[in-house]
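J.: Listed below are the residues making up each chain.
There are 2 protein chains.
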Amino acid sequence: MLKYDSKYMFSPKIKEKAIKKEDLFDFKKNGFKDSLTFRKLIYDDTSKIKEIGNRIKSKFSTYVVVGIGGSDLGSRTIESAISTKNGLEVKFIGENTDPDEIADFFKGIDLKSTIFNIVSKSGETVEIIANFLYIKNIIYSSLGNKGVSENIVITTSSPGSTLHKLSQEYDINVIEGVADVGDRFSVLSVIGLLTAHVLGCDIDKFLEGARSIDDKTNSNSPNENDALMFAELNYLSFQNLGKNISVLMPYSQNLRNFGFWYRQLWAESLGKKLSNSGDIVHFGLTPVASVGSTDQHSQIQLYNEGPNDKIITFIEVDKFKNDLEIKALDSLVSYLNGKTFSDIIHTERLATSISLMENGISNGTLHIDEITEFSLGELFYFFELAVSYIGDFANINTFDQPGVEKGKEYMYSMLLKPGFEEQKKHLDEIINENI
Amino acid sequence: MLKYDSKYMFSPKIKEKAIKKEDLFDFKKNGFKDSLTFRKLIYDDTSKIKEIGNRIKSKFSTYVVVGIGGSDLGSRTIESAISTKNGLEVKFIGENTDPDEIADFFKGIDLKSTIFNIVSKSGETVEIIANFLYIKNIIYSSLGNKGVSENIVITTSSPGSTLHKLSQEYDINVIEGVADVGDRFSVLSVIGLLTAHVLGCDIDKFLEGARSIDDKTNSNSPNENDALMFAELNYLSFQNLGKNISVLMPYSQNLRNFGFWYRQLWAESLGKKLSNSGDIVHFGLTPVASVGSTDQHSQIQLYNEGPNDKIITFIEVDKFKNDLEIKALDSLVSYLNGKTFSDIIHTERLATSISLMENGISNGTLHIDEITEFSLGELFYFFELAVSYIGDFANINTFDQPGVEKGKEYMYSMLLKPGFEEQKKHLDEIINENI
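In the order they appear, the protein sequences are chains C and R. For the first sequence, this note's numbering gives the first residue as 1010, with consecutive numbering after it. For the second sequence, this note's numbering gives the first residue as 1010, with consecutive numbering after it.
There's no promise every hint is true.
It does not matter which identical chain is used: a pair holds within one copy or between any two.
Derived DSSO-like pairs (lysine-lysine); straight-line CA-CA distance at most 27 Å [stated by the list, open to error]:
1) Lys1068 with Lys1029
2) Lys1024 with Lys1330
3) Lys1121 with Lys1336
4) Lys1214 with Lys1100
5) Lys1348 with Lys1336
6) Lys1100 with Lys1330
7) Lys1282 with Lys1328
8) Lys1348 with Lys1174
9) Lys1426 with Lys1042
10) Lys1066 with Lys1116
11) Lys1116 with Lys1030
12) Lys1022 with Lys1066
13) Lys1116 with Lys1100
14) Lys1026 with Lys1282
15) Lys1116 with Lys1038
16) Lys1174 with Lys1336
17) Lys1155 with Lys1116
18) Lys1059 with Lys1121
Hints in this document: simulated from the structure, not taken from any laboratory.
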């Protein structure tokens, strides 16, 4: 079971910039959990997802997720964390609009045995529409209309959207019943779970893991509710101590992508401006995705000696799938003889945690038993709940992202999309003025 | 040629937290560039590296770099940035001590045709020694002593080190002439360039690119010296404006790993504590490796609306190798018809840059012509020089990393390495006291 060890957040060695236990508070908002739309997902029936997944598995050998942001980060996390032997090969394209990446990608693809799932909840994401058009044309050239309609599927929740209309025009199936949650909260819906099923995962276990966290968060006290404790420590570190960086550092190569999922969830949910009695306040700790033990040789110098502006959270995998023993008969290295790589990685995490604490740098550790569908479900849901708590403390809307709209409009206007002529004029002025 | 566009660092729209042009200063330290040991590398003769590389290429089909931190980040950057057709397959292991990663790695390896380059400048890195021992035993089981001595090579600059002694014991070749520069400044030495040569790159072009930056930094004025300008803007943002985060965001999937190289260079070089007339001061902007356009769907909400605590630097690749055109005949998307993915990614960078500037968020852009050996040489050297300038302004030692020593000692003591008994006692007390 997931456990959050927060003792080095309060250690007496952390004298300055320390949260005190008496700073913690109970959370007493009635009906808060019920108000979270993403919570409903974890009590959903998954048979429909399995049915779609089984159809895909019976016909294809490669499954490509075409998504960006919340449309693919959850799937990427699952794919790199869990390896099974009874699933399809899963690949990803569309998280960028880099032509070199796209060109390289298609060199290694057998189109006939590949299905592309085009994922955009809004159905309007320009990167995904551009990728869709490109992929559709490639498939058409090689497999004709039949290929377009059989080797592509579209995941969107917006019936009137551009992507939905294009699906009708090209006779492409649309995956139904996409939950109406923000895409960064969608990993435990068909958006993440279809990938998981196609990979050969037991998708019910993800939801079981998430529900086990949900059960543990019935308490209003941070001492009995780890997600609440984690949320309060992050919030108080920012609000009271001015720490503006939140580092997540799993000691696991297979959880590297979890850091990228976390980074999106955290930044889009919590990076907000709000009006506070007339004043504009800018909220948000910047998430940093780090990896142990790798980053001991990259970031730990800074974390130990640089400014005390971070709250650091390790993820410890208590048991790895493999446990490779080191034979070291030479006397120079005999202290390593009989040790395993697990011994080394666990030791590194603990040594780093203690030395940070002794330098006065707050750090905590999330323990999971092993990397399984269950523990990934725990982790996803733990962080989704934690950002929801923090957003509530900060009095922001955790679920919108107004700060990306202007950039999008500017992009559309430069691409000469109809309806953005005003912005184009404004931009031309800026660019020509050379401000 | 690399160019740094800093106009949105000074824009009048950036009212608060703005650097003013009059804050900039000339850099007048005599002999500064001559004092940089990494500078000598770029005037070195590369024939020895090519000779070693050619021997490897003639005998093997896969080349594995076994390194962590500065021993592999440069090689990883080159491998993912430049694709050639006349080189070996290059793989990486050892950047972590995760047993699951190591076990998976060896499933796909044909040992006979593979050479492992064990890279540790100090020859003492425990992760690398552990990986070496494991790899050596795997090779021995399958190819015997002959395999151990032929399919492994060791890169170290320390003759008396553990790894060097082990090389003698197992009759393994040691690559000679490893320059005595810190590993995070070693990419333009045999450590990065041997990988590049084996990959099929023209390694002289890296040095040409670096030298072109070196030439441009003869001026003491930031207005004529881009690396100095970049360094001053970062330094002043931290020192005068309290911005403690430096984001690097290449709009290129193939430069994603450049962000990880930058992150290590930056954090280990600049994250330092120093004594300032008796007071302890903690210096260092936290580096964040971001990627465009991907992170527009992940981080840009925070950058636009969150705290104004960042200096953001984009990297723009002016010309991609491929330029894929989009056909979009349907009226819904006809504005995309004839556009290329390059158009989209360039537009996204510019739209993001302008919208940040209008929100008062300082940002600059490094332009490179295309991704080549030359431009990578420019980028590597530009950042190496920039951190050296910043370290000098801040009066820190840019080239050491004392802040990782205690963690290492704690790890050794927990692994029961002889000589660390005192630390073990101390640690046991901490762990048992449950501080």
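J.: Please go over all the hints and tell whether each is borne out by the structure.
T.: Results for each hint:
1. Proximity of Lys1068 to Lys1029 under the C-alpha cut-off of 27 Å is found in neither arrangement, the shortest distances being 58 Å within a copy and 62 Å between copies.
2. With identical chains, the CA atoms of Lys1024 and Lys1330 are never at most 27 Å apart, being 39 Å at best within one copy and 54 Å at best between copies.
3. In the homo-oligomer, the alpha carbons of Lys1121 and Lys1336 lie at most 27 Å apart only across protomers (22 Å), although the nearest pairing inside one protomer, at 47 Å, exceeds that limit.
4. For a Cα distance limit of 27 Å, the shortest separation of Lys1214 from Lys1100 inside one copy, 23 Å, qualifies, whereas the shortest one across copies, 34 Å, does not.
5. In this assembly of identical chains, Lys1348 and Lys1336 lie within 27 Å of each other by CA distance solely inside one copy; the values are 8 Å within and 58 Å between copies.
6. When the C-alpha separation of Lys1100 and Lys1330 is checked against a cutoff of 27 Å, the pair qualifies both within a copy, at 23 Å, and between copies, at 22 Å.
7. Proximity of Lys1282 and Lys1328 under a CA criterion of 27 Å is satisfied in neither setting, with 41 Å inside one chain copy and 36 Å between copies.
8. For the identical chains of this complex, Lys1348 and Lys1174 are inter-copy neighbours only, at 21 Å across copies versus 59 Å inside a copy, given an alpha-carbon limit of 27 Å.
9. For the homomeric pair Lys1426 and Lys1042, neither the shortest alpha-carbon distance inside one copy (41 Å) nor that between copies (50 Å) is at most 27 Å.
10. Taking the shortest Cα distances, Lys1066 and Lys1116 sit within 27 Å of each other both inside one copy (23 Å) and across copies (25 Å).
11. When the C-alpha separation of Lys1116 and Lys1030 is checked against a cutoff of 27 Å, the pair qualifies neither within a copy, at 57 Å, nor between copies, at 49 Å.
12. For a Cα distance limit of 27 Å, the shortest separation of Lys1022 from Lys1066 qualifies neither inside one copy, at 55 Å, nor across copies, at 54 Å.
13. When the C-alpha separation of Lys1116 and Lys1100 is checked against a cutoff of 27 Å, the pair qualifies both within a copy, at 13 Å, and between copies, at 20 Å.
14. In the homo-oligomer, the alpha carbons of Lys1026 and Lys1282 lie at most 27 Å apart both inside one protomer (24 Å) and across protomers (17 Å), since each shortest distance falls under that limit.
15. For a Cα distance limit of 27 Å, the shortest separation of Lys1116 from Lys1038 qualifies neither inside one copy, at 54 Å, nor across copies, at 52 Å.
16. Only between protomers do Lys1174 and Lys1336 lie at most 27 Å apart by alpha-carbon distance; the minimum there is 17 Å, versus 62 Å within a single protomer.
17. With identical chains, the CA atoms of Lys1155 and Lys1116 are at most 27 Å apart within one copy only, with a shortest distance of 22 Å there and 38 Å across copies.
18. Within a single copy, Lys1059 and Lys1121 get their C-alpha atoms as close as 23 Å, which meets the 27 Å cut-off; across copies the closest is 43 Å, which misses it.
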